[in-house]
Amino acid sequence: MTTTWQTALKWLGAAFTAALLVGASINGASAHEGKHKIDAKGDKCVRETEFMRRNHMDLLKHQRNDTMRKGIRTTQFSLKGCIDCHASPVNNSVIGTNDNFCQGCHSYAAVKLDCFECHSSKPRPASPATPHPLADAQAGEMQAKAATSGEVSK
Amino acid sequence: MSDVDKNRRQMIGVGVAAAAGLAIAPGVTLLDLAHGRPADQAADSSKRWGLLVDSTKCTSGCSDCVSACHTENGVTSTGHPETDPQWIRKIELTEIRSGRSHSLPMMCQHCAEPPCVDVCPTGASFKRADGIVLVDRHICIGCRYCMMACPYKARSFVHEEHHDQKPDVPRGKGCVEACTLCVHRVDKGELPACVEACQKAGHEAILFGDLNDPNSEISKRIATIATKQVRADLNLNTGVRYQGI
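Chains as they are written, first to last, in our numbering: chain A, 54 to 207; chain B, 395 to 639.
In case anyone wonders, no lab produced these hints; they're calculated from the structure.
Heads up, the beta-carbon is just placed ideally off N, CA and C, and yes, glycines get one too.
Be a bit skeptical, because a hint or two may be false.
[Unchecked claim] Pairs of lysine-lysine, BS3-like flavour, derived with a Cα cap of 27 angstroms:
no., chain 1, residue 1, chain 2, residue 2
1, B, K547, A, K133
2, A, K165, A, K133
3, B, K547, B, K560
4, B, K582, B, K594
5, B, K567, A, K114
6, B, K594, A, K165
[Unchecked claim] Cβ pair distances, simulated, as ranges:
no., chain 1, residue 1, chain 2, residue 2, range
7, A, V164, B, A506, 37 to 43 angstroms
8, A, G95, B, H532, 54 to 60 angstroms
9, A, V143, B, E476, 57 to 63 angstroms
10, A, M110, B, R483, 48 to 54 angstroms
11, A, N144, B, A595, 36 to 42 angstroms
12, B, K594, A, K123, 30 to 36 angstroms
13, B, S457, A, P178, 21 to 27 angstroms
14, A, D96, B, R538, 42 to 48 angstroms
[As the list claims (entries may be wrong)] According to the in silico footprint, chain A covers these stretches of chain B (three or more CB under 8 angstroms from chain A):
no., region
15, 434–445
16, 487–496
17, 530–537
18, 587–601
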């Protein structure tokens, strides 16, 4: 008898813990999404949101060195491109309040954001005329595909 | 003749016609202007950008190049003129005996052997492959050794916070900065702001071009007219040359 009771209790405990975990993760996700709504003018980022959350700093740093040192000015991972797309319609900036795209997430994650001590946090005046970076991304993907399949795209 | 050859000949024809069109316009150096690279291509050492300043055409009292530079690069006054950054300045020179005076703009001379690069302890001060001397603010620690090393007093330290930067020209407190030869414009195939402003004012005292290309307007002028480097004795091989000093 005791063994049956013990097994039943174990099962109950496991089910309870699982329910708790699921609940917590759902609550966590919704709170996170609610707090950090993605402000963007375009339909799609240059990479998936999950990838960008973890790796945007590496892409930006790579691009920064290429542009600063070599004068390579591709637009796909350009900080100016990010700002053009993610500037808030409220204050026309990516910083200023915790509702702004860059500052909101950085203050949530407690990571110091010093790009905008030098870089402009506002979009370029002619930003509607500039091509969306996604255009470059698609071209890049096409080139990459061509390269892997052995085609020469030039 | 194959189709390929025909196409090639047509293209050559178009090229010759275009070149002839460029040559017809007097005083317009369109061949020099067509210097933009594709965005994904790095600057390379086949080019060396430089300026030729004709001080005989530079008008005393005119500061169009200075204001154009500061407007283009977002260099604004902080209300403390003694520490305001200065990317380009006008200098009035007067010979004491004859009283002859003339005027010229002084800025980063984009040396081939830049002392600012030699002394920089972090590698922030560097020369790009095409000869443009720049400060990488990401790694500049603001020690100001480069300011002391520069014989032209071309560099400035940013003492105060800025909030109204131009998207193309990031700048902020704690770094050294100087004339970038309007690198963001040059990379697009445009002229530096000072050169454009001087042309607009009708003085045409500053010429921009490729010092490595013997056929460029600037190289031809340097090959035929007496020009000087300021402090040529230092053997820095400056990218900015002066005429009439």
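Going down the list of hints, with the structure as the test:
Distance check on the hinted pair: B/K547 and A/K133 sit about 32 angstroms apart at the alpha-carbon level, beyond 27 angstroms; violated. Restraint check for A/K165 and A/K133: satisfied, since their Cα atoms lie roughly 19 angstroms apart, inside the 27 angstroms limit. Proposed proximity of B/K547 and B/K560 is supported: the alpha carbons are some 24 angstroms apart, at most 27 angstroms. Distance check on the hinted pair: B/K582 and B/K594 sit about 20 angstroms apart at the alpha-carbon level, within 27 angstroms; holds.
Of the pairs offered as hints, the one joining B/K567 and A/K114 holds, with about 20 angstroms between alpha carbons and a cut-off of 27 angstroms not exceeded. Distance check on the hinted pair: B/K594 and A/K165 sit about 44 angstroms apart at the alpha-carbon level, beyond 27 angstroms; violated. The hint said 37 to 43 angstroms for the Cβ distance between A/V164 and B/A506, and at roughly 41 angstroms that hint holds. Under the hint 54 to 60 angstroms, the C-beta atoms of A/G95 and B/H532, about 27 angstroms apart, miss the expected range.
A beta carbon spacing of about 38 angstroms between A/V143 and B/E476 contradicts the range 57 to 63 angstroms that was offered as a hint. Taking 48 to 54 angstroms as the suggested C-beta distance range, the pair A/M110 and B/R483 does not conform, at roughly 38 angstroms. For the pair A/N144 and B/A595, the supplied restraint of 36 to 42 angstroms holds, since their beta-carbon distance comes to about 38 angstroms. Between B/K594 and A/K123 the CB atoms are about 31 angstroms apart, so this pair conforms to the stated range of 30 to 36 angstroms.
Range check, B/S457 to A/P178: Cβ separation about 25 angstroms, and the 21 to 27 angstroms hint holds. Distance hint for A/D96 and B/R538: a CB-CB separation of about 47 angstroms, consistent with the stated range 42 to 48 angstroms. With 4 residues bearing a CB less than 8 angstroms from a CB of chain A, the region 434–445 of chain B meets the requirement of three and the coverage assertion stands. Judged by the Cβ-Cβ criterion of 8 angstroms, the region 487–496 of chain B is not covered by chain A as claimed, because only 0 of its residues qualify and three are needed.
For the region 530–537 of chain B, the assignment as covered by chain A holds, since 3 residues bring a beta-carbon within under 8 angstroms of that chain's beta-carbons and 3 suffice. Under a criterion of three residues with beta carbons nearer than 8 angstroms to beta carbons of chain A, the stated coverage of the region 587–601 of chain B fails, only 0 such residues being counted.
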